[in-house]
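Chemist: Kindly produce the complete structure, drawing on both the sequences and the hints.
2 protein chains.
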Amino acid sequence: MPKLVYSFGDGQAEGTLADRPRLGGKGAGLHEMTRLGVPVPPGFTISAEVCQHFEQQGRLPAELQPQVEEALELLGRRMGRRFGDPQAPLLVSVRSGAAVSMPGMMDTVLNLGLCDAALAGLAALGGGRRFALDAYRRLIAMFGNVVKGVAHERFERALAEARARAGARTDAELDEQALAALVETYQTIYREAVGEPFPQDPHAQLWEAIRAVLRSWNNERARTYRRLHRIEGLLGTAVNVQAMVFGNTGPHSATGVCFTRNPATGEDVLYGEYLPNAQGEDVVAGLRTPEPIARLQQQMPDRYRELLELKALLERHFRDMQDIEFTIEDGRLYVLQTRAGKRTGPAALRIATEMVEQGLLSPREAVRRVEPAHLEQLLFPTLEPAAARRAREQGRLLARGLNAAPGVAVGTVVFEPEEAEAAAAHGARVILVRPETSPEDIGGMAAAQGILTSTGGITSHAAVVARGMGKPCVAGCSAIEIDLERQCFRAGAHTVHKGEVVSIDGSTGEVYLGALPTSQSELVRVLLERELEPEQAPLYQRFARFMEWVDQARRLRVRANADTPEDARVALAFGAEGIGLCRTEHMFFEPERIPLMRAMILAETEAEQRAALARVEPHQRDDFVAIFTAMGERPVTIRLLDPPLHEFLPKEPEQQQALAQELGLDPERVRAKVQQLQEFNPMLGHRGCRLGITHPEIYAMQVRAIVEAALEVAARGLRVRPEIMVPLVGSAAELALVRSRIEAIIAQRRAALREQGIEPPVEFAIGTMIELPRACLLAEEIAQHADFFSFGTNDLTQCTWGLSRDDGQSFLPRYQEEGLLPVDPFQVLDRPGVGALMRLAVEGGRRARAELHLGICGEHGGEPASVAFCHELGLDYVSCSPYRIPIARLAAAQAALAGEPQLRAE
Amino acid sequence: MPKLVYSFGDGQAEGTLADRPRLGGKGAGLHEMTRLGVPVPPGFTISAEVCQHFEQQGRLPAELQPQVEEALELLGRRMGRRFGDPQAPLLVSVRSGAAVSMPGMMDTVLNLGLCDAALAGLAALGGGRRFALDAYRRLIAMFGNVVKGVAHERFERALAEARARAGARTDAELDEQALAALVETYQTIYREAVGEPFPQDPHAQLWEAIRAVLRSWNNERARTYRRLHRIEGLLGTAVNVQAMVFGNTGPHSATGVCFTRNPATGEDVLYGEYLPNAQGEDVVAGLRTPEPIARLQQQMPDRYRELLELKALLERHFRDMQDIEFTIEDGRLYVLQTRAGKRTGPAALRIATEMVEQGLLSPREAVRRVEPAHLEQLLFPTLEPAAARRAREQGRLLARGLNAAPGVAVGTVVFEPEEAEAAAAHGARVILVRPETSPEDIGGMAAAQGILTSTGGITSHAAVVARGMGKPCVAGCSAIEIDLERQCFRAGAHTVHKGEVVSIDGSTGEVYLGALPTSQSELVRVLLERELEPEQAPLYQRFARFMEWVDQARRLRVRANADTPEDARVALAFGAEGIGLCRTEHMFFEPERIPLMRAMILAETEAEQRAALARVEPHQRDDFVAIFTAMGERPVTIRLLDPPLHEFLPKEPEQQQALAQELGLDPERVRAKVQQLQEFNPMLGHRGCRLGITHPEIYAMQVRAIVEAALEVAARGLRVRPEIMVPLVGSAAELALVRSRIEAIIAQRRAALREQGIEPPVEFAIGTMIELPRACLLAEEIAQHADFFSFGTNDLTQCTWGLSRDDGQSFLPRYQEEGLLPVDPFQVLDRPGVGALMRLAVEGGRRARAELHLGICGEHGGEPASVAFCHELGLDYVSCSPYRIPIARLAAAQAALAGEPQLRAE
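Taken in order, these protein sequences are the chains called A and B. Residues 51 to 956, numbered by my numbering, are exactly what the first sequence covers, in order. Residues 51 to 956, numbered by my numbering, are exactly what the second sequence covers, in order.
There could be a bad hint or two in this list.
[Stated by the list, open to error] Quick list of simulated restraints, FRET-style, between CB atoms: (1) B:GLU658 / A:LYS548: 29 to 39 Å; (2) A:ARG660 / B:GLY445: 30 to 40 Å; (3) B:GLU658 / A:PRO435: 36 to 46 Å; (4) B:ARG719 / A:SER790: 49 to 59 Å; (5) B:PRO668 / A:ALA496: 52 to 62 Å; (6) B:ASP672 / A:PRO485: 18 to 28 Å.
[What the hints assert, rightly or not] 30 Å max Cα-Cα, derived DSS-like pairs, lysine-lysine: (7) B:LYS548 / B:LYS723; (8) B:LYS548 / A:LYS723; (9) B:LYS548 / B:LYS701; (10) A:LYS76 / A:LYS53; (11) B:LYS701 / A:LYS701; (12) B:LYS361 / B:LYS392; (13) B:LYS701 / A:LYS723; (14) A:LYS76 / A:LYS198; (15) B:LYS723 / B:LYS701; (16) A:LYS548 / A:LYS701; (17) A:LYS548 / B:LYS723; (18) A:LYS701 / A:LYS723; (19) A:LYS701 / B:LYS723.
Hints were generated in silico from the structure; no laboratory data involved. All residues carry an ideal CB built from backbone N, CA and C; glycine is no exception.
Modeler: Shown next, in the form of structure tokens:
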């Protein structure tokens, strides 16, 4: 006779973790915990083979009933009760559980085994009659709903009426009499809906519940779930039958939750709370104030010691801090559930490093215990959760936008970048609120504490720049309506005027009225200023030690997107191994340079144009000298000019007028030029290498500045590693042409130095951004002219989806509602679409040139799931904004470790 | 001893066409013609193996010299002269010729074998001393330049001085004395430049020339040419040495060119001209008026008969009309060259059909003899070439833009669409000149003879709509500057005001001042009006017959892009087998409908919106009823609304004001809505199925209209084949959602009819446009919800290249200059980029659903090279604008026949 039922309890279990295919995930876990010595309530598991049989034959296998009866016997003995015995009734729960977790597939039925006749027996076991009635009415409702499909609302309505009749605020205030009446009402509801009375035979209850669980395997919801998650090849679901335990049966009972370490600080102490003589839901309801777990040491010292032992056992076994639900029934401790505990960033860091010190974890395992989101908490300011909740309750949550750049900022509202600069100069903290931002606004953005925009997505200008600056940003907040004329914005019923204070949380996308208390990132201050304050020392030391392990584990290099010498300094502080993207256009937007750039664009003759460019050139060269000097022998990838020229000219007629006056030009000429440069779809227009090809003098100036700066710094003895990157290449011919022009300039500058007897040992790499679908498709041809590829996944995502990052907000929220877009492809790299193109590009590129260097410099370079994909793809490095570097380092390490088994010692 | 030299002459040849790898294309052709009995001047070919040896060893193989000497002997015997004999000198030419044609790789040396001592002998052979001196000075200059690298200009300068001294207008006017002096001057130039005198030994001349040809195989120019054209694996070049013949040696000599049929009309008569006692270049110089070829019949009846025999021989052999160059030397006819003759469209059609009647061609071969461009000439009006040349000489060519829609139009300039309509209503012919057009301008475009825009590319709105209407369009003409305020445009020095007449040629992109004479397409008139006029009957009959052969040969089906019942009628006249793209938005732009559409967009409540849509619905249904009725049982693919909503609202404040008044709305509300809908990159914005998903009521209205129309027409007994197409799908989830909504409506309408006892047998196909790179990458998933794919290659090209069709004109001309973009990817489908994505989509789609129906409805569907690609890809049909249907049918047939051998009988 095949074995279909597996018992567990009292330290013994017939199954192990390896029986997961038959016992399901939940079942196998219960057996394993039992073997481990964790006091879980005993029970048994019906193999998933039964489900398969049931599905194929439409009935249960004949062997099942005797085996279940036998297991029930054993269970009764273990609990000192008996299933179906009205004097000492054994109550059980019935739960589904397949080999792969399918949350929400099937509800649970609790308290099975209770009936009219057993009420008194249950009451006598310690809980009293009120407790027994309460358990009974729950059984009727759950059984009716889950097994018989009676609408949940019918029971809820009766319960609400009972409360109203009794004048009770909560269910807990219903007295014995009220509950007795409610049990009768529930039975009536059941009878009317089902057409027969609630079954009084506990065995009948049990078998109906088992059948219901087995049926649920093939209900619509479960089938859809499996199809969507591509779950195939399973036998079916196992069924777990487990003894009920109660923490409300008297003074020696209790219920509680505890963490094996402090989840807020990571300190190595039991942390939690409990309620004597209570059920789990009483803790949740919050009507009685729970006791801190330390009190248990006085009240039930043996149980407390048992908990401490469990902590050691579980941490050693699961190699992680645990979150335990426990119940003490008449002096006996039961663990109902244990799982890895949620924790704050500082706690995660402390727990991981201390567990290594305590020999519980290897450094490589420790790297997997800290989530990227934990590091984010350490690196960006956060809102105090209690204060945020209070503000929400007070109706001060104005709107929700996109969480475009993490961190929290508080300040007075201004709408004009110039005003932001002026206010900041006077020491004021401001939030810059704009419909969207453009490169001209950079000064104002730098001066503001944070940025709030009403349009634009996660890769809009505001978002990208804010992330680069490490400033919080809420973008695409379409719920606010900005009125620049009246200098205010509306959000629902509120109107917020210039000068009012708001708080924005760029980690959640929330905007609050008024100043909310925040906690600043001390770690960042320490990292950037390199002066240890005593109280920060432990945090910093832990961070430094942890990041050492991280760096040992990863294969991917991590570079920074850094446009200025100051950015480079910050990037180094966060551990950048080079610059993966230096956007030269940002250099042009500095106040003393933009007039020169504009003069160049507006020049009518080539001579005028050259003269304007000649005046820009020394500035560019100085920038590069400073960046090369700062980065030393690390690689620095510099992208030649990318944005369309119209981005450098003012849009408003008045500004154009002013510019004309400034440059001594006919205003009509400025207006005409702006109009001439206007584009219908600037994203798909005259930019990138297209600009370099039609305006060779611009690229020539930039390349001269790069080459001269590199040679100058190299002449001082530093082996600099400049990499010149050509943007928006779509064909091999484009890159070949631009490359030949670059090489000519390099050769010429080298020759000029050689005449002076100087030959600095610099190697210039020349490569391209891969940011057009066509570049991916023709990667093999393009690679013949490229030393490196750097994926520009922002533009690649836009083109692959045909979706402008600036225009998506009008329909993407609706897409999220309809479940059409589980994640924003601008936030998390779209593997099946964009990722497939990247794979083609990697394969094509390496086919042409095995040593081709590969990286990514799009915004995805700092997002953990995307970093993992880059690791799998075999890229050489990722590049991201400086503040995200530690996160990218961690993600890279975790990707490298992903193949290693999780629960074994190394 | 290996054979390295192959002789030909007097009907005998040592090589055949199959020896092409060793004898080169030109050499093998000479041998083949000789074998065929064509009287080509005799000669011999040096195998390309010699070139390989020369390249590898740096010297000629020892066996070569005796073989060349022997071949020279034979050649002399054949010509009755002797190479190197001063009394009866044999002159030869030396030419390169590899197995693959490499035009311009190497110049030719003529008249080799002439020297001071042989002048008298040559003169005595019939041409006289002037003739001999002229031949000699040519030899010195060619040999000096080609073999010794003396600058061509040095000889040219001496020649110009000689003309000046003699007061001669042309070289032909130089007398014997002047030529003798010139020969001396040339020899001096040669000696000074080369450092030695011009070689007097004919054999030395010959060997130096042969070496120069062999060296040229590896010169810079030739290597680059081979690299660019990916020519690999050749042995090298062969060398052809051929006897010179002269048509200017006396009264029994002549030179001429003739076509074997009339290249203008196709009539089956010899057509050409000749000059007695002259050289080929005298015909070109145009100083003497040549005689028509018919005169030869009187002057040299035997030679004329010989030409007629040659015509028969060549047409039978090459199965095509030939263009022959011939020389008669002292009564002996030599053919110097024969090749397929260029011809007009009507001639091509007549020749192809008559050659089938004459048994010279099979119908399948005839299909390959007519080029798509020939049909274009038959279908669109053309400029008279002479008139166009005259206009250019008179400086009336104003500008060149893109040849966006073929045909020629003449009319007075207007700048406002409304004016175009008003003028046309009074019978005036106008050309609509706009910076660009938008859907609101359709009325004006329909009223105009042709359209001229200053921005936008080959797939801009103006271009697409014009092609659809069969109207000429010159687009993206950035050389004109439109001043709408002053109602004029500037083009160079010209300013053209409203009311002035211009002519535009949409086949070449040219814009002329004034009215140029044009020839209208009689064929189109006959096809559309179906009334045969006697003189058009032969043309129409030939066309009809030819297209029958075309249709038998092709596999691809050809459908039309047709938006209205009128379009459908035109499409059918041109042979459409269905509608591949019915763009429903064009239906909304009709004057009585656009206010309803605008009211819908501006509606504030859902009720208002539904009310507005309800008023549009009957119009849509009526359109569909008419289209289904017109198309009968042919498939009709209807695309649901695609453009962003802002395209339906006016852009200018005054128009917005007027709209507000019309609809009784607050002007502020209209302004705000326009602003709210504004997009940075509309191409990548809120359009296509994104619009359908956020505004389900719009798609629901359209689907109801389609379904009800189809059911209504089907109830009348017509088995209509509606195909509902969802645009801009990027994920399977999008299509699944929209499909389920469409299916619900179909089911509901069917059920409603069933209740009335009506069950029309209509099958609704539901499919999607594949126009985003992501859709190609995820085709397998998407196909699970699609009955068909239709490639929208306009948008697919835009996204793949990251290139807006409307913004490319600012840099694409420069790209063409730099050779970066051999063809416009919006005109000819980009195989390695866009084509690669299409291939992925075809493979993925068919993997999911073997019976998936595949088509293309982008503008490429009517372009021959792109149609060929669609055939190779295995698509089921192409769809193009109605006027291009015959061209697409021909291209499809030629693609199907491309694998068949060209020169064999079937």
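Chemist: Kindly indicate which numbered hints from before are broken by the structure, ordering the numbers from low to high.
Modeler: 6 and 7
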